[in-house]
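J.: With these hints in hand, go ahead and build the complete structure from the sequences.
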Amino acid sequence: MRLTRSILSFLAMVAMVIGLGLSTPVAAQQGAAINPTAKSVTEDQLLNALKPGSAAEIGGRVSIPDVKSSTLIRPAGREWREFHQGTMHLIGGIAILGMLALLVVFYFTRGKIMIPGGPTNRTITRFGGFDRFVHWTTAGCFIVLALSGLNITFGKAILIPILGEPAFAAAAQLGKYAHNYLAFPFMIGLALMFLIWVKDNIPGMIDVQWFAQGGGLIGKGHPKAKRFNGGQKMVFWSVILGGAALSVSGWYLLFPYTAGGVLNLQFWNVVHGVVSMLLIGAMLAHAYIGSIGMEGAFDAMGSGEVDLNWAKEHHSLWVEDEMKKGVVPAAMQPAE
Amino acid sequence: MARMKFLCDADRCIECNACVTACKNENDVPWGINRRRVVTINDGKPGERSISMACMHCTDAPCAAVCPVDCFYVTVDKVVLHSKDLCIGCGYCFYACPFGAPQYPKVGNFGSRGKMDKCTFCAGGPEADLSPAEFQKYGSNRLAEGKLPLCAEMCSTKSLLAGDGDIIAKIYKERVVKRGYGSGAWGWKTAYKETVAI
Amino acid sequence: MSEKKTKEALDRRGFMKVVSLGGAAAAASVAPGVITPAAAYDPGKEETKQRYRETDHVKAFYRTNGY
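Protein chains in written order, with the numbering used here: chain A, 1 to 336; chain B, 1001 to 1198; chain C, 2001 to 2067.
It is worth saying that the hints were derived from the structure and are not from the lab.
Positions of the beta carbon are idealized from the N, C-alpha and C atoms, including for glycine.
Straight-line alpha carbon distances no greater than 25 Å define the calculated DSS-like cross-link-like pairs of lysine-lysine that follow:
1. C:Lys2049 x B:Lys1078
2. B:Lys1115 x B:Lys1078
3. B:Lys1189 x A:Lys68
Chain B stretches covered by chain A per the calculated footprint, using a threshold of three residues with CB under 8 Å from any CB of chain A:
4. 1009 to 1021
5. 1029 to 1040
6. 1051 to 1063
7. 1069 to 1083
8. 1090 to 1102
9. 1178 to 1186
Simulated restraints on C-beta separations:
10. C:Glu2046 x B:Thr1059: 22 to 28 Å
11. A:Pro75 x B:Ser1131: 34 to 40 Å
12. A:Asp66 x B:Glu1194: 28 to 34 Å
13. C:Glu2054 x B:Ala1133: 25 to 31 Å
14. B:Lys1045 x A:Phe154: 47 to 53 Å
15. B:Ala1133 x A:Leu241: 48 to 54 Å
T.: In structure tokens form, the structure reads like this:
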């Protein structure tokens, strides 16, 4: 039953992503608003025939075999350029620097979130080897993809003055290959993460309560949670949905001639850029709370064994379930 | 200082594609790439016109603005050139160009599109003028030889003009005055944010 | 289980935390050392110099196009 629901939600998500594709600008057909008895057609007439503000192309017929070259003028390139050189930098700057600033402020006001009862010597298995393998495969790919992607957007301004153009171009070339090839393990990792964790990530009333109580981030005390709390579900769904959007848009950018024209490529490039900037911002917060932000949190993905007190604080209902299943917390193994 | 421009007199172009062929031959352009092409609009209808189009060497060129590795440079003649040594084949100039000028030697493949290739206004590239390395990567450097792009020089109907923007605009205006009509300087508004008053 | 051993184990994990976050920064700081900054590509002088000249050849082009 739950599985059916999760499959349905996945299909809905896929449909949404495809829906985005259908709404991409379609090249306006030239010729409709042109007076055929005019002595000659001027460029102005054709440009005026295009709807103002909409992305469009003026095309015709070519006698050379390359039909793609039949587009004469594509004024939409200028809007894409403005977006790419302006808005995109703004979104990235706000998402990344803003998130870093927020985390610094949070660290100095809230401090590291400690285990109130203190660590016990008993641990409970939170993530098995496969879970951690999938997590770190995806995470590792994501870090390289994010850095090489940011390099494409911000490297020109930040790194060229340091490295010089030839060294930067060589690095960017390597980055491009890494970006192209690591995209595939990243996509596989995304699919696996979805399959192994979706059943524990279905939002419910308990998450509303979790958010209402500030999730233990704001205020005192920890709200109840099952295997994943409200915040973790948000991370899960932003990774899955954002990752799906990145995968679809990235696929078209990797195979540019399957996208159906430059206007569509511009659209997918915008999707790819905006979603990745937002996801990088979200992942910074995820990395913070999973490491320096909270005592005992890293162990969940590090050794997979979390402290029993930590588990009871953060995932009380999950611990109860595990205990019912007969899982006995082990005495902590000192790391050799 | 002379500002290099192209101007296609669409009322003269007969779509013979000699400019396309001349360009490919003169610059030894790789398979699958046409630095110049002739597009016919309103094909078969009254008002049909053919326009020869290539890189317009824009003022404030979009390709140069979006290039993540900054491989473009503009010469004193205002010709927009690029370095194939720096190009990483990301495709951004291809998205941004209003004239579809940047092209890649590898199509429909995964990962690498190869180095971008486009019209150089027959002005070579960053290598030493008229060196074999320059020819191999970018084609000939006719400007350095004291000549103009071959596409324009060998246009059979003198439709395609190339050279000092002021001079070719004057030539075009005189033509329009003489014959009484003209369809305008194609692409000038987009490329140079100005047009030829006719 | 001694107190000391537990603390040591936690410290190791603390190291992992630093590695996981610092890895990115480390990679970025190593890169300049690996790729030696070659002579800066400077398209300021030779490459961008004026090549167009109004030679007789060019003048002939302008003249014949005026016909």
